[in-house]
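> Based on the sequences and whatever the hints tell you, model everything.
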Amino acid sequence: MKENAPKLVCTWLWQELLTEKDIQRSVYTGKKLLTKRQSMLLNSQNY
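Numbering (numbering that gives the first Met the number 0), first residue to last: 0 to 46.
Wrong hints could be hidden among the right ones.
Claimed, not checked - With a straight-line Cα cutoff of 25 Å, these simulated BS3-like cross-link-like pairs (lysine-lysine) come out: (1) Lys6 <-> Lys20; (2) Lys35 <-> Lys20; (3) Lys20 <-> Lys31; (4) Lys20 <-> Lys30.
Quick caveat, the hints were computed from the structure, so don't treat them as lab data.
Following this line, the structure appears as structure tokens:
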């Protein structure tokens, strides 16, 4: 079991990094969608 500990830690860290990247990506796309929606609302108000 102790031999596998570093491997488990590496896997856990890798998954943590992966989820962090995924979260950042989804936040980024969410912000893009939000700004797009806001600009659409602003454009519709201008007409």
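> Are the Cα positions of Lys20 and Lys30 separated by 25 Å at most?
holds (15 Å)
> Does the alpha-carbon distance linking Lys35 and Lys20 stay inside the 25 Å limit?
holds (22 Å)
> Are the Cα positions of Lys6 and Lys20 separated by 25 Å at most?
Given that 25 Å is the threshold and the Cα spacing comes to 21 Å, the pair holds.
> Against the 25 Å threshold, does the CA-CA distance of Lys20 and Lys31 hold or violate the hint?
It holds: about 16 Å lies between the C-alpha atoms, which stays within 25 Å.
The structure agrees with every numbered hint stated previously.
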